[in-house]
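Participant: Please put together the full structure from these sequences, using the hints given.
Protein chains in written order, with the numbering used here: chain A, 130 to 481; chain B, 130 to 481; chain C, 130 to 481; chain D, 130 to 481.
Since the hints were derived computationally from the structure, they do not count as laboratory data. Careful: at least some of the hints might be erroneous.
[Claimed, not checked] Under the rule of at most 25 Å between Cα atoms (straight-line distance), these lysine-lysine pairs were calculated in the DSS-like manner:
1) B:Lys228 x B:Lys193
2) B:Lys193 x C:Lys217
3) B:Lys228 x B:Lys150
4) C:Lys383 x D:Lys325
5) C:Lys193 x B:Lys150
6) C:Lys215 x C:Lys193
7) C:Lys193 x B:Lys193
8) C:Lys325 x C:Lys340
9) C:Lys228 x C:Lys193
10) B:Lys193 x C:Lys242
11) A:Lys323 x A:Lys441
12) D:Lys150 x C:Lys242
13) A:Lys150 x D:Lys193
14) D:Lys242 x C:Lys276
15) C:Lys323 x D:Lys383
16) C:Lys383 x D:Lys323
17) C:Lys323 x C:Lys340
18) D:Lys383 x C:Lys340
19) D:Lys150 x A:Lys272
20) D:Lys340 x D:Lys325
21) A:Lys150 x D:Lys217
22) B:Lys302 x B:Lys325
23) C:Lys312 x B:Lys215
24) A:Lys150 x D:Lys150
25) D:Lys312 x C:Lys383
[To be verified] Away from chain B, derived, C-beta distances all over 12 Å, residues of chain D:
26) Ser147
27) His148
28) Asp168
29) Ala175
30) Asp191
31) Phe201
32) Glu202
33) Gly245
34) Ile282
35) Leu301
36) Lys325
37) Glu326
38) Phe396
39) Asp413
40) Arg435
For each residue, glycine too, the CB sits at the ideal point set by N, CA and C.
There are 4 protein chains.
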Amino acid sequence: MAGNSFGEVFRVTTFGESHGKGIGAVIDGCPPGVPLCRDDFEQEMARRRPGGSAFDTPRREDDKVEILSGVFEDMTTGAPITVFIKNKDARSKSYDPIKNLFRPGHGDYTYFKKYGHFDYRGAGRYSARETAARVAAGIIAGKILSKEGVDVIGYTTEIGGIRAESLDLTKLKDSPLCCPDLKKSVEMEQALEKVKEQGDSLGGVVEVRVKGCPPGLGEPVFDKLDADLARAVMSVGAVKGMEIGSGFEAARLKGSQNNDPITPEGFNTNHAGGILAGISNGDDIIIRVAVKPIPSIGIEQETTDRDGNPSKITTSGRFDVTAIPRIIPVLEAMVKIVLADHYLRNSMMSQF
Amino acid sequence: MAGNSFGEVFRVTTFGESHGKGIGAVIDGCPPGVPLCRDDFEQEMARRRPGGSAFDTPRREDDKVEILSGVFEDMTTGAPITVFIKNKDARSKSYDPIKNLFRPGHGDYTYFKKYGHFDYRGAGRYSARETAARVAAGIIAGKILSKEGVDVIGYTTEIGGIRAESLDLTKLKDSPLCCPDLKKSVEMEQALEKVKEQGDSLGGVVEVRVKGCPPGLGEPVFDKLDADLARAVMSVGAVKGMEIGSGFEAARLKGSQNNDPITPEGFNTNHAGGILAGISNGDDIIIRVAVKPIPSIGIEQETTDRDGNPSKITTSGRFDVTAIPRIIPVLEAMVKIVLADHYLRNSMMSQF
Amino acid sequence: MAGNSFGEVFRVTTFGESHGKGIGAVIDGCPPGVPLCRDDFEQEMARRRPGGSAFDTPRREDDKVEILSGVFEDMTTGAPITVFIKNKDARSKSYDPIKNLFRPGHGDYTYFKKYGHFDYRGAGRYSARETAARVAAGIIAGKILSKEGVDVIGYTTEIGGIRAESLDLTKLKDSPLCCPDLKKSVEMEQALEKVKEQGDSLGGVVEVRVKGCPPGLGEPVFDKLDADLARAVMSVGAVKGMEIGSGFEAARLKGSQNNDPITPEGFNTNHAGGILAGISNGDDIIIRVAVKPIPSIGIEQETTDRDGNPSKITTSGRFDVTAIPRIIPVLEAMVKIVLADHYLRNSMMSQF
Amino acid sequence: MAGNSFGEVFRVTTFGESHGKGIGAVIDGCPPGVPLCRDDFEQEMARRRPGGSAFDTPRREDDKVEILSGVFEDMTTGAPITVFIKNKDARSKSYDPIKNLFRPGHGDYTYFKKYGHFDYRGAGRYSARETAARVAAGIIAGKILSKEGVDVIGYTTEIGGIRAESLDLTKLKDSPLCCPDLKKSVEMEQALEKVKEQGDSLGGVVEVRVKGCPPGLGEPVFDKLDADLARAVMSVGAVKGMEIGSGFEAARLKGSQNNDPITPEGFNTNHAGGILAGISNGDDIIIRVAVKPIPSIGIEQETTDRDGNPSKITTSGRFDVTAIPRIIPVLEAMVKIVLADHYLRNSMMSQF
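Facilitator: Rendered as structure tokens:
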């Protein structure tokens with residue numbers, strides 16, 4: 130009801146604020162017997178953590194995940210799992226000069242309208258920091274999926290209008306922007322360097338691909354797999370659009386072009402993006418996500434204060450130049466949570 | 130859990146099959162005192178009903194909505210409202226020749242994989258006919274919204290790659306395709322005529338605009354208004370993508386271009402599409418939806434039967450050439466249901 | 130949220146009013162492949178239907194259950210099942226003289242306080258007629274359970290202070306009050322005859338016994354099997370108390386008396402009533418339910434009208450003298466719904 | 130789904146194990162603006178904490194509540210509130226000799242049947258220690274209620290068959306057993322002393338009374354206030370029965386005796402226990418709860434090990450002689466959580 134939970138069977142509730150004691154998540158509905166220990170979180174958390182590249186905020190957090198419950202002798206017990214990540218480098222003083230101004234493109238205005246107040250110290254619940262808890266929960270979801278041979282991989286296909294043209298996923302580790310086209314990755318970095326000098330920011334497009342998903346995940350009518358994936362990725366702060374398979378391009382094809390022919394060996398093409406009538410068809414699931422440019426910029430912008438008086442604002446804090454690639458593990462986590470949830474739901478209904 | 134319900138407070142559960150006795154919906158959580166009678170459904174149901182244009186299926190249904198519960202003396206009582214629409218023209222015989230074949234682009238394959246059977250008689254629950262129940266539920270949601278001055282209008286902005294260039298919403302009633310650009314509407318009709326002759330089909334893009342939405346709707350983190358709108362529209366059969374405001378275009382803008390300046394009179398631009406940090410900002414909410422071409426076509430396609438044997442299929446039943454404009458009232462209904470639900474949720478949390 | 134649904138996986142939503150078109154239920158989450166046809170409902174509905182004995186209301190309803198969705202060729206499909214029972218003998222005129230008065234012991238007063246109105250025509254949603262929909266849903270739950278060898282039997286152990294002393298369940302069919310002690314059953318009938326002449330009513334105690342329940346049903350902490358059974362039976366109109374196993378008597382035993390010794394053959398005693406720490410232990414589940422006397426009586430009572438003016442009321446309509454035995458199939462239905470729900474929930478979590 | 134959450138709007142999820150790092154709760158849906166600080170928890174937690182009397186377990190915990198999220202400047206923000214209580218004195222070694230034996234009257238047997246393992250170190254999730262998190266959540270619920278003038282008071286009415294005969298609630302603080310009849314309180318203490326010497330335990334009855342509850346709380350049909358209260362109190366470990374108002378005694382009254390006459394000043398009697406048709410009527414709500422004797426006793430009992438071999442067990446750990454009075458703040462907490470939840474739900478639906 131209050132918006133902090135996701136999933137029906139594998140249910141994730143996040144809590145905590147950007148400038149409070151820390152952030153965390155309760156994961157309820159994880160089956161017993163899933164191997165899990167503190168070290169499992171290390172690598173994945175590092176991908177979301179700021180400081181990986183020159184385009185990140187200089188805020189430093191080590192994002193150590195502490196397991197408060199639900200795990201005994203490095204194995205889940207079936208009880209709710211609680212993970213907690215302490216905040217360290219939370220300087221709220223730097224927000225003082227703008228504490229009464231609405232930052233354009235941020236939630237300050239809407240939270241103020243809804244609650245009568247907003248958390249000027251780095252946005253509280255609507256800070257991107259909340260997504261660290263999602264990544265931690267996604268790691269647990271990923272453990273369930275990997276047991277079933279399901280793999281979820283996100284990568285950058287576009288930044289600032291520069292698009293990747295090749296899709297060799299073995300190259301991802303060589304691109305600081307997690308882009309499979311290394312030549313375009315360099316161009317993207319140059320574009321980011323340029324807007325960084327201008328105090329401006331860039332957006333882009335991330336593609337998430339699910340390999341090895343069995344057919345049958347997704348429920349009819351409202352809980353279609355693509356509908357739940359849509360909600361999942363659109364619930365991540367900077368996301369403004371999403372598509373499955375051919376997506377908006379499908380709207381420009383004829384039926385005879387867009388239908389994927391079925392052969393004894395499987396589908397000949399994958400315009401559907403791995404989902405038919407809301408249910409996975411066994412092919413790769415392909416989701417593309419539009420990420421808006423970071424709204425916090427060093428360029429003066431028009432705004433008002435809480436009382437509606439016109440003002441100018443320059444958000445000179447510690448900010449990223451682009452949400453990519455740090456947003457990728459968050460999107461992967463959301464996709465994993467959806468799949469783990471539907472995996473458990475499907476096994477229940479189909480086993481009677 | 131089983132996927133047939135939508136909404137937390139204003140909760141819609143649809144039931145019924147394409148070729149069963151009929152389809153219906155239970156709407157639980159509608160406040161008492163909302164005026165409602167049988168006639169309220171007539172006009173809106175007609176928009177979704179087949180037979181409006183030359184591009185629709187020749188299946189004929191009068192789609193009379195019967196109110197089975199929850200209304201007394203033309204007023205809602207607070208009890209669950211049940212609406213029921215009898216099926217009339219449900220010819221399942223015409224499906225006999227293809228009853229063992231998976232229709233490409235349809236849910237036959239995935240339902241078979243999930244449940245071990247599929248409803249060859251027009252798809253059962255995954256038939257577009259199920260959406261008639263959504264439209265009926267959306268009418269009730271619309272009653273709640275219109276009391277608050279909120280208006281939801283959908284229209285065609287693209288069919289078969291032909292895009293509307295002007296956006297005069299007063300012209301909608303003059304376009305059989307519900308397109309605000311009457312010149313382009315004629316081009317779209319010509320394109321549809323042409324693919325109809327070929328036995329093929331077309332997709333397109335629908336835009337839904339919400340006017341008069343107060344600021345403050347939407348909940349933090351996972352139940353963001355845009356996340357719930359995404360789930361809502363992606364749960365409609367043929368939809369393969371969605372975006373809010375500038376959407377995928379925002380991914381190509383700089384922060385300084387994409388941020389909407391705030392002035393004492395409101396926002397100068399509306400790249401955000403009326404939603405900031407998941408909460409409505411008082412501006413028009415703008416959602417764009419990619420609709421794939423109808424998968425049922427008169428052109429022979431490659432497929433297999435249930436046992437995996439290769440086969441050819443021609444789906445020669447009674448089908449639309451495009452899902453547009455009949456899908457528009459369905460999308461409007463889903464948007465209304467989301468807004469009514471969040472309207473009630475918001476009023477609850479903010480009133481303590 | 131609005132209170133008309135029960136169950137997490139096997140989810141029942143009832144709708145309809147006492148004096149409207151009819152009452153019904155949507156059962157979502159029933160697995161596919163459960164055999165079900167219209168005739169399945171006949172016998173069970175007859176047990177709840179008024180007219181079985183001299184102590185029932187003279188209102189006559191044939192309670193034919195119509196299946197509106199979810200069943201194809203006498204088999205559930207996995208889609209939501211909708212059942213509907215038309216109202217026939219709904220005389221609302223007889224309520225006219227008391228339409229502004231609160232009937233003592235009824236919901237008139239509280240509904241008026243909550244909603245600003247109440248349905249004087251036989252109580253609308255809070256009429257016992259609503260329970261016909263529960264019985265219909267319970268029949269479907271029972272189909273799932275009987276496949277697993279689970280049997281649910283309710284019977285009368287007390288009416289008007291007269292208690293059954295023997296518990297031979299083979300005798301139930303010979304007692305018009307569904308009492309296993311035929312001698313006491315005659316005494317109960319005599320007591321009912323007497324209060325009927327006085328225009329008064331009686332309450333009693335019903336025991337529901339579950340045979341063949343496998344161990345393992347119930348979830349930890351809040352969704353304990355006994356907690357959900359408690360909610361289920363307490364949600365039936367006239368019920369004012371419930372206990373499991375030794376219940377209130379356990380409060381008077383020592384631990385050494387109340388603990389059930391465990392042997393290789395099972396438990397030596399069953400003080401626990403088949404549930405330990407909220408989870409079924411494989412023994413018979415035993416629930417006892419206190420049923421208050423019917424509040425509608427032919428004796429003049431003190432009340433007020435809607436404006437708070439003192440008045441006298443005699444509720445001379447068509448009423449039962451006691452809610453027993455008609456309440457028994459309703460209680461059985463609620464127990465079956467809880468068990469079917471937990472059966473499906475348990476199979477999901479334990480199968481990973 | 131997994132059983133660790135309670136409430137629809139005011140939603141409490143508990144986590145943690147008896148012998149893990151600690152226990153806690155996430156409270157989602159608490160409105161913003163409720164004053165709350167660490168000190169608020171002190172007094173209430175002390176009532177549940179062991180060590181208050183000679184009949185408690187010697188386990189020592191200081192039960193300091195740490196607020197991890199949702200509170201800023203001693204005020205709730207509307208974000209999820211997380212409370213955490215570290216475990217200190219968790220000696221699991223003392224369980225070693227019985228680690229393969231099922232303790233009679235405990236959940237060992239049923240958890241083993243459900244999950245294939247059980248937590249021999251003090252029961253993990255099904256330990257009474259979990260209830261500390263409920264008490265902490267109840268304190269927050271109580272803050273919402275006290276603003277509305279609602280007060281919840283629990284007290285002992287029976288231990289080991291000895292019943293309180295007077296009900297002067299001002300005396301509660303003078304009874305170590307929280308019994309309003311001081312003379313009977315002494316008798317109860319003597320009885321406890323006696324069974325303690327025998328290594329045995331006692332049960333009893335607790336009454337919880339709600340004063341100042343406004344009329345209108347509770348939702349129709351399944352979410353009746355008494356149904357939700359029943360689930361709430363039956364979800365507490367040792368509870369085997371519950372009744373509202375006259376409860377089982379009502380089953381022995383005539384309608385003319387049990388109906389509460391309505392006068393312009395209110396109800397003349399309170400057989401209903403403050404609830405009519407599932408909705409509060411403004412009178413005191415009265416709930417009585419049967420508490421079984423503590424199953425851990427120093428007397429040898431018959432049991433089996435995990436493999437079904439017969440054995441003897443003496444549970445010589447650190448245990449209470451009776452669950453009363455330590456269970457009282459837990460029952461109060463559950464009642465408060467139900468009321469706060471229904472208070473928020475009611476305000477939402479009735480305000481349109």
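Participant: All hints are to be evaluated individually against the structure, with a verdict given for each.
Facilitator: Structure-based check of each hint:
For the suggested pair B:Lys228 and B:Lys193, the alpha carbons sit about 30 Å apart, so the restraint of at most 25 Å is broken. Restraint check for B:Lys193 and C:Lys217: satisfied, since their Cα atoms lie roughly 23 Å apart, inside the 25 Å limit. Taking the CA atoms of B:Lys228 and B:Lys150, the gap is near 20 Å; set against the 25 Å cutoff, the hint holds. Simply put, C:Lys383 and D:Lys325 have alpha-carbon atoms about 11 Å apart, close enough for the 25 Å limit, and the pair holds.
Only pairs whose Cα atoms come within 25 Å are accepted, and C:Lys193 paired with B:Lys150 is accepted, the gap being roughly 16 Å. As the CA atoms of C:Lys215 and C:Lys193 are separated by approximately 7 Å, the hinted pair is consistent with the 25 Å bound. A hinted pair counts as satisfied when its Cα atoms are at most 25 Å apart, and C:Lys193 with B:Lys193 qualifies at roughly 24 Å. Under the criterion of a C-alpha separation no larger than 25 Å, the hint pairing C:Lys325 with C:Lys340 is inconsistent with the structure, at around 35 Å.
The suggested pairing of C:Lys228 with C:Lys193 is violated, with an alpha-carbon distance near 30 Å, which exceeds 25 Å. With a C-alpha separation of about 36 Å, the suggested pairing of B:Lys193 with C:Lys242 is violated against the 25 Å cut-off. Annotation: proposed proximity of A:Lys323 to A:Lys441 holds, straight-line Cα distance about 24 Å (limit 25 Å). Distance check on the hinted pair: D:Lys150 and C:Lys242 sit about 47 Å apart at the alpha-carbon level, beyond 25 Å; violated.
In summary, the hint linking A:Lys150 to D:Lys193 is supported, as the alpha carbons are separated by about 16 Å, within the 25 Å threshold. Under the criterion of a C-alpha separation no larger than 25 Å, the hint pairing D:Lys242 with C:Lys276 is consistent with the structure, at around 21 Å. Between C:Lys323 and D:Lys383, the direct Cα distance comes to roughly 11 Å. Compliance with the 25 Å bound is thereby established for this hinted pair. With a C-alpha separation of about 11 Å, the suggested pairing of C:Lys383 with D:Lys323 holds against the 25 Å cut-off.
As the CA atoms of C:Lys323 and C:Lys340 are separated by approximately 36 Å, the hinted pair breaks the 25 Å bound. Simply put, D:Lys383 and C:Lys340 have alpha-carbon atoms about 33 Å apart, too far for the 25 Å limit, and the pair is violated. For the given pair, D:Lys150 sits about 23 Å from A:Lys272 by alpha-carbon distance, which is consistent with the 25 Å threshold. Taking the CA atoms of D:Lys340 and D:Lys325, the gap is near 35 Å; set against the 25 Å cutoff, the hint is violated.
Between A:Lys150 and D:Lys217 the alpha-carbon distance is near 21 Å, which keeps this suggested pair within the 25 Å criterion. With a CA separation close to 23 Å, the supplied pair B:Lys302 and B:Lys325 stays within the 25 Å bound. For the hint pairing C:Lys312 with B:Lys215, the CA-to-CA distance comes to about 52 Å; that exceeds 25 Å, so the pair is violated. Only pairs whose Cα atoms come within 25 Å are accepted, and A:Lys150 paired with D:Lys150 is accepted, the gap being roughly 18 Å.
Of the pairs offered as hints, the one joining D:Lys312 and C:Lys383 holds, with about 22 Å between alpha carbons and a cut-off of 25 Å not exceeded. A cut-off of 12 Å between C-beta atoms confirms that D:Ser147 is not in contact with chain B; the least separation is 31 Å. No beta-carbon of chain B comes within 12 Å of the beta-carbon of D:His148; the shortest separation is about 32 Å. Distance to chain B confirms D:Asp168 as a non-interface residue, since its nearest Cβ pair spans about 22 Å, more than 12 Å.
Every CB of chain B lies more than 12 Å from the CB of D:Ala175, the least distance being 28 Å, so the non-interface label holds. No beta-carbon of chain B comes within 12 Å of the beta-carbon of D:Asp191; the shortest separation is about 32 Å. Interface exclusion of D:Phe201 from chain B stands, the closest Cβ pair being 14 Å apart, more than 12 Å. The non-interface label for D:Glu202 is consistent with chain B: the shortest C-beta to C-beta separation is roughly 18 Å, beyond 12 Å.
The Cβ of D:Gly245 lies farther than 12 Å from every Cβ of chain B, with a closest approach of about 25 Å, so its non-interface assignment holds. For D:Ile282, the non-interface assignment is confirmed: its Cβ lies about 24 Å from the closest Cβ of chain B, beyond the 12 Å cut-off. Residue placement check: D:Leu301 keeps its beta carbon more than 12 Å from all beta carbons of chain B (closest about 30 Å). The claim that D:Lys325 lies off the interface holds: its Cβ sits roughly 47 Å from the closest Cβ of chain B, which is beyond the 12 Å cut-off.
Its beta-carbon lying about 52 Å from the closest one in chain B, D:Glu326 satisfies the requirement of being farther than 12 Å from that chain. For D:Phe396, the shortest C-beta to C-beta distance to chain B comes to about 24 Å, beyond the 12 Å cut-off, and the non-interface label holds. For D:Asp413, the non-interface assignment is confirmed: its Cβ lies about 24 Å from the closest Cβ of chain B, beyond the 12 Å cut-off. Every beta carbon of chain B lies more than 12 Å from that of D:Arg435, the smallest distance being close to 33 Å; the non-interface claim holds.
In summary, the structure is inconsistent with hints 1, 8, 9, 10, 12, 17, 18, 20 and 23 from the numbered list given earlier, while agreeing with the others.
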